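K.L.:
Residue numbers (my numbering), protein chains in the order written: chain V, 1 to 145; chain R, 1001 to 1223.
Derived from the structure by calculation, the hints contain no laboratory data. Among the hints, erroneous ones may be present.
[Unchecked claim] Straight-line distance between alpha carbons at most 30 Å, and here's what the computed BS3-like set of lysine-lysine pairs gives:
{"hint": "1", "chain 1": "R", "residue 1": "LYS1189", "chain 2": "R", "residue 2": "LYS1090"}
{"hint": "2", "chain 1": "R", "residue 1": "LYS1189", "chain 2": "V", "residue 2": "LYS136"}
{"hint": "3", "chain 1": "R", "residue 1": "LYS1008", "chain 2": "R", "residue 2": "LYS1069"}
{"hint": "4", "chain 1": "R", "residue 1": "LYS1069", "chain 2": "R", "residue 2": "LYS1104"}
{"hint": "5", "chain 1": "R", "residue 1": "LYS1104", "chain 2": "R", "residue 2": "LYS1012"}
{"hint": "6", "chain 1": "V", "residue 1": "LYS136", "chain 2": "R", "residue 2": "LYS1008"}
{"hint": "7", "chain 1": "R", "residue 1": "LYS1104", "chain 2": "R", "residue 2": "LYS1090"}
{"hint": "8", "chain 1": "R", "residue 1": "LYS1012", "chain 2": "V", "residue 2": "LYS136"}
{"hint": "9", "chain 1": "R", "residue 1": "LYS1069", "chain 2": "R", "residue 2": "LYS1012"}
{"hint": "10", "chain 1": "V", "residue 1": "LYS136", "chain 2": "R", "residue 2": "LYS1104"}
{"hint": "11", "chain 1": "R", "residue 1": "LYS1090", "chain 2": "R", "residue 2": "LYS1008"}
[To be verified] Pair ranges (Cβ atoms, derived):
{"hint": "12", "chain 1": "V", "residue 1": "ALA70", "chain 2": "R", "residue 2": "THR1167", "range": "52 to 60 Å"}
{"hint": "13", "chain 1": "R", "residue 1": "ALA1122", "chain 2": "V", "residue 2": "VAL35", "range": "30 to 38 Å"}
{"hint": "14", "chain 1": "V", "residue 1": "SER130", "chain 2": "R", "residue 2": "GLY1160", "range": "32 to 40 Å"}
{"hint": "15", "chain 1": "R", "residue 1": "ARG1029", "chain 2": "V", "residue 2": "ILE26", "range": "36 to 44 Å"}
{"hint": "16", "chain 1": "R", "residue 1": "GLU1103", "chain 2": "V", "residue 2": "ALA22", "range": "25 to 33 Å"}
{"hint": "17", "chain 1": "R", "residue 1": "THR1167", "chain 2": "V", "residue 2": "GLU54", "range": "55 to 63 Å"}
{"hint": "18", "chain 1": "V", "residue 1": "GLY107", "chain 2": "R", "residue 2": "ASP1128", "range": "15 to 23 Å"}
{"hint": "19", "chain 1": "R", "residue 1": "THR1167", "chain 2": "V", "residue 2": "GLY43", "range": "41 to 49 Å"}
{"hint": "20", "chain 1": "V", "residue 1": "PRO39", "chain 2": "R", "residue 2": "PRO1215", "range": "41 to 49 Å"}
{"hint": "21", "chain 1": "R", "residue 1": "PRO1215", "chain 2": "V", "residue 2": "ILE26", "range": "46 to 54 Å"}
{"hint": "22", "chain 1": "R", "residue 1": "ASP1219", "chain 2": "V", "residue 2": "THR118", "range": "40 to 48 Å"}
{"hint": "23", "chain 1": "V", "residue 1": "ALA22", "chain 2": "R", "residue 2": "ALA1209", "range": "18 to 26 Å"}
Every value quoted in this text rests on a predicted model; they were computed, and no experiment measured them. Each residue gets a CB set at the ideal place from its N, CA and C atoms; glycine is no exception.
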Amino acid sequence: MTENEAGIYVTIVSEQGERDVANARIMDDDLWLPVDALPEALGWTLKPEGLCREAVCIPLPRGHEDSYAANGFVNASAFWRLTDRCATRSAAGDIWVFGANARERAGALLSLEAPDFTLPDLSGRMHSLSDYRGRKIYLVTWASW
Amino acid sequence: MWQALHQKLNDKGLTVITVAMDSDPEAARPFIEAAQPVHPSLIDRDHLIAGLFNLVNVPQAIWIDEDGKIVRPPETAGVAEEFRHGLDRKTGAMAPEAAARNEKIRSVYVGAIADWIAQGPASRHVLDPTHARDRVRLPDTDIEEAHVHFRLAQALLRRGRSDEAVTPIETARALHPDSWTIWRQTAAKNERGLATHDAFFARVDAAPAGGVYAPVDMDGMPE
């Protein structure tokens, strides 16, 4: 990670939604994001103890910290690999999708705690499953196709 | 149908939440406007809940109690595979016996929801945690990879980059062959907006029994 690389705009797609991030860098096919952009784009924050989300902190591998965080940037791709999360990118390198870890998803389902989500209705108003706590919820899917 | 259920049982504690798994909200709009729902009627362009709940087709449903606990994990929402043998693929008409069996399954299923609302945890349709866990289909890494490629394809399609979406669509389909939501969302549609052309029926014919709509495992269902 050198400081004289020109930054680029990328679109990050994650459970946070879609976010455009300026000043990103692609190095050896990995995406480095400015530390400041990380919380909004991916939901993770760089702290002295590692990369953190809510109460969870994942320490960076000892002796390899520079492969994950350097000069105000975080190697988001490497962190995703480290934590067995799925990711992919457009061939052009301008859209990066950061997905889930299958074991975490499976564990969440086995807890029988309904995973929360927030989705819009036709008018654009957002609804979260958790808004309806205290009710019996019948959650059902359909599609036009 | 869900609208009627919501209105009938809303003051008994039920909230129906419908989620349209439609990458284009405009495709869902006419159906929603015709139904004029008073329940939350949501649009999931990227099929996020397919990832969260490991869903493979529509309609699937999850029963969630007042504490946010799943008391019936994702299952087929009261439909059956009668169309595989009972549908005239030219006219779209269902054979009477097939239609009758569909209706029976639907009515048992809707009756079970009403029983849950009336009896709460005492309903025989509420699964205890052990049985509920046994029924959860667990996602693996291929499935998560499929969702990531599907989301990339959707992001590209929204930007008009359909040529670039071809590869992620093919990858998503190959990684998650059990998913009808991925396949049908990304399949060519006919003039009525339906992915029910020859390729669809070829896929249906190749699927094992229960591979389109897994049978609802519920007390009172017909044999």
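K.L.:
Indicate, hint by hint, whether the structure satisfies it.
P.N.:
Comparing the hints with the structure gives:
| no. | hint | result |
| --- | --- | --- |
| 1 | R:LYS1189 / R:LYS1090 | holds (16 Å) |
| 2 | R:LYS1189 / V:LYS136 | violated (36 Å) |
| 3 | R:LYS1008 / R:LYS1069 | holds (23 Å) |
| 4 | R:LYS1069 / R:LYS1104 | holds (29 Å) |
| 5 | R:LYS1104 / R:LYS1012 | holds (25 Å) |
| 6 | V:LYS136 / R:LYS1008 | holds (14 Å) |
| 7 | R:LYS1104 / R:LYS1090 | holds (25 Å) |
| 8 | R:LYS1012 / V:LYS136 | holds (9 Å) |
| 9 | R:LYS1069 / R:LYS1012 | holds (18 Å) |
| 10 | V:LYS136 / R:LYS1104 | holds (24 Å) |
| 11 | R:LYS1090 / R:LYS1008 | violated (37 Å) |
| 12 | V:ALA70 / R:THR1167: 52 to 60 Å | violated (32 Å) |
| 13 | R:ALA1122 / V:VAL35: 30 to 38 Å | violated (53 Å) |
| 14 | V:SER130 / R:GLY1160: 32 to 40 Å | holds (35 Å) |
| 15 | R:ARG1029 / V:ILE26: 36 to 44 Å | holds (38 Å) |
| 16 | R:GLU1103 / V:ALA22: 25 to 33 Å | violated (57 Å) |
| 17 | R:THR1167 / V:GLU54: 55 to 63 Å | violated (35 Å) |
| 18 | V:GLY107 / R:ASP1128: 15 to 23 Å | holds (19 Å) |
| 19 | R:THR1167 / V:GLY43: 41 to 49 Å | violated (27 Å) |
| 20 | V:PRO39 / R:PRO1215: 41 to 49 Å | holds (45 Å) |
| 21 | R:PRO1215 / V:ILE26: 46 to 54 Å | holds (48 Å) |
| 22 | R:ASP1219 / V:THR118: 40 to 48 Å | violated (34 Å) |
| 23 | V:ALA22 / R:ALA1209: 18 to 26 Å | violated (53 Å) |
The structure is inconsistent with the numbered hints 2, 11, 12, 13, 16, 17, 19, 22, 23, although it conforms to all the rest.
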